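Student: Since chain A is already given, all that's left is putting chains B and C on it; use the hints.
Chains as they are written, first to last, in our numbering: chain A, 1 to 383; chain B, 1 to 274; chain C, 1 to 78.
The hints are simulated quantities; they were obtained by calculation from the structure and are not laboratory data.
Each hint should be verified, as a subset may be incorrect.
[What the hints assert, rightly or not] Here chain B is said to cover these stretches of chain C; the calculated rule only asks that three of the stretch's residues, wherever they fall, bring their Cβ under 8 Å from a Cβ of chain B:
no., stretch
1, 14-24
2, 47-58
3, 61-69
Note that the structure is a prediction, hence the values are computed from the model and not measured.
Note that CB positions come from ideal geometry on N, CA and C, so glycine has one too.
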Amino acid sequence: MSSTDQISGEFFLSGDEACAEGALVAGCRFFAGYPITPATEIAEHMSERLPEVGGTYIQMEDELASMAAVLGASWGGLKAMTATSGPGFSLMMENIGLGLMLETPCVVVNMQRAGPSTGLPTMTGQGDMMQARWGSHGPYSIIALSPASPQEVFNLTIKAFNLSEKYRIPVLVMSEESIGHMYEKVTIPAPEKIKITPRRKPNVPPQEYLPYVPDDDLVPPMAIAGEGYRFHVTGLTHDERGYPTMTAEAQDKLIRRLVDKIEKNRKAIIEIEEDGIAEADVVVCSYGISARVATIAVRRARAMGINTGMLRLITVWPFPIDRVREIAKDIKAYIVPEINYGQIALEVERAAAGKTKTILVPHMGGAVHDPETILEAIKQAVR
Amino acid sequence: MKTTAIAHIGTHPLDEYLRTDRLPHIWCPGCGLGMILGTVLRAIDKSRLDIDKTAIVSGIGCTGRAAGYVKLDSFHVTHGRALPFATGLKLANPDLKVVVFSGDGDITAIGGNHLIHTARRNIDITVICVNNFIYGMTGGQLGPTTPESGRTTTSRKGNIEKPFNIPNLVGAAGASYIARWTTAHVRQMERAFIEAFQKKGFSFVEIISPCPTYYGRMNEQATGLDQMRYYRYNSIVKHYANLADVDISLNSQIIVGKFIDIDKPYLPAPKSKR
Amino acid sequence: MTTRAKQNQIHVIDERCKGCSFCVEFCPQHILFQTNETNTKGYQVVRVSEPDKCTGCAMCSRVCPEFAIYVATPAGKQ
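Just chain A, with the same shape it has in the complex (with noise of 0.2 Å):
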C-alpha cells in the first residue's frame, strides 16, 4: 500500500464515510456486505474506495454470508470487515460465533437503529449492546466499541483492527445511525503518523505448526491458507492440534483461553474517557450518542453548582467493572442515559455493587435524548 493509495487531510465526512476510511487506513482489502440502513452508505463507500486500493468488495446474499464471507478473506490472508444494523447484526451472530472460534481477526460494525425486528429503520437506537456481548450463543468475551463522532468512528474502526489482530478475534464497533449519518469534520493523519497492528505470523516451521498452542499473552499465531502450513481448524471444540476433541476436559481448556485472552487483558484493552470524577457527587455514565448529548446536561448541571463528572464509556465490552466499582464508593449515583430501556445500565448496577444508586434514563429509540431529561435525573439524584 504505497502512499499515493491513502488520503490524509481534513475532510467532511459521515460517520457511515468516516469508518470506511479508517478501515482503509488500517488495511482493510476485502469487505462483504448486505445493503441495510443505515450502515448500507459504509458499503457503498467501500464498494467504490477498495478497488482503488486494490481490494475487493463483494456484496452476498445475505448477512449470514456476508459474515462468513469476512471469515473466509481473513482466512485467505487479507483484513476484512462487513458493517450491518441491529436486523442484520442478529442474523451475524452464527458466524461471529464461528469467528471467535476460529479465532480469525476482523470487524463487525454495526450501526444500531431502533429496533428490535424492523423497528425504525432509518431512526437512531442503542438496544443492540447486550447482543453485542452475548448474541452468539456458548460462553465466551468480545470486544466492542463506542465511538461518539464521525472523527471517533474514523479512529476507532483503525483501532477495532488493531485489536483484532492482536486478540484474533472479531472486534465490534457499536455505533449508532445518529453518528453513521452525521457529517462532521475529521482528520485523516499521515500514513506514518497511524499505528498499524499487522498479523501474528507462526514463529515455527510449518511441519512443527499447530493451530492453536497460545503465546505467553493467551493468543495463538496465526498462520493462513496457500502458506504450506496445512492446518485444520474447525467450529467444533479442539485441541491445540485444531482437531475436533469431545471432551468436557478439552472444552474447558479452550473456553476459558478464549475468555481469559480478552478478560486477562482487559487493563490493554480497556479505554474509557473521564471528566471531573474525583469531585463528582453523581456521575454520568455513557456511550455512544448519549454520552455527547449528556455532555450538554452535565454542562448544565455544573452550571447549577452540582458537581457532576461524566464516564464516557469507549470499550463498552469489555466493561470497565473496576473502575466502575471503585467510583461507585464516592458518589451518591451513577446516571445512565441510553438509547435503549437498560442494557449497559445494568452492568453499571452490577459493577456499582450496592456502593450507590444506578439511576436509567432510558429513551425507547427514534431520537437521542433531549438533554433537559438527563439534568432531570441529575437533579433528582443530588437531592
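Tutor: Using the frame of chain A, we list chains B and C on its own:
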C-alpha cells in the same frame, strides 16, 4: 508372494494426504464418504495441484467431517456456510484452489441460498456435493433431496415433499460445469473431479452415496453394498442430458454423466482483465 | 498374465477395515473375500483367495472407503 500382505498405517499410498492420526474415520461401514474423499485426493494428485495452495472447506454433517481428515489447509465451518466462506477465501487469495466438500442438506437446504448465488456469480471454486438423500449426522431426518415416499425419521410414513433436482437447480443458477456420478462409478468420479478442478468457474459435482445406517435401513437397502448394487445396476450414463429430466425418485433409475461443461466469465476475474 | 500377476501384491490394513465388502463386490477377478477373522474393533476383515489372478487394476483400493487396501504394482502403490 504372500496371499495377502498385512500392511500398517502409514503405508497406504494416500496416507501422505491424510491425517492418519485421526483414522479410522467416524463414518459407518458401508458409507461412501471415505471412498469419495479418497477419490478427491487421487484427483488432486493426478491434477498436479499445488498441495500447499489447495484448501478444503466443508460444512456440518457427515460429509462435513471430511475436512478434518485431509492434510491440507482445511476449514470445518458452520452449517450451510461453506460456500460463502469459500467465496471469501478465494477472493482474498485467487491463487488458492478452493474445494467445497459438503452434503446435500448443508448445500441445498440451509445453504441453498448460498448455492444459487455462488453459482450465479460463477465463483471459481469446485463444489463436491455428496447426496445420500438424508441427514445422517443428526440421526436420519429428511432433507431436500429425499425422494417422495422415502422413509426417514421425520417422514415415517413416507416423504410428502418433492425433492430437488440438484443439477437442474445449479444449472439454472449459472454453473460452468455440472456432473453427477455415484459411488459405483469411482473411475468416472475421479475423472469428473479432475475436470472440475481444472475448470475455470463454478464447477459442481453431485455424488450419490450410500447411507446404510439411516436412509438405506429405512428404505429396504440396509447395507452399503445393497445401495452400491442399486447404483451400479440402475444408473444410466447420459452425458449432456436435459437437466430437467435428471430427477431421482424412490428406486428409480439414476441418470449420471457430465451435464454441463461451458466456458464463461467467472470471478475473481483474471488480473489482466481487471 | 501369470508373470504380471506375480508382481502385483495386495496389501490389507486390518486395523482400518470395516468389513463393508465393497472391494469384494467390485474386484473384477473376484479374488477377494470376507473372512471370519476380526480386527480389534470386531470387523471381519478381507483376504485374497487367488493372488495370481490380480491384474493390478486397483479397483479394490479405489472403492474402499477406509483406506484399508491397496495394491503394490510394478508402477508403484495404487
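Student: Please flag the earlier hints that this structure goes against, numbers listed from lowest up.
Tutor: none
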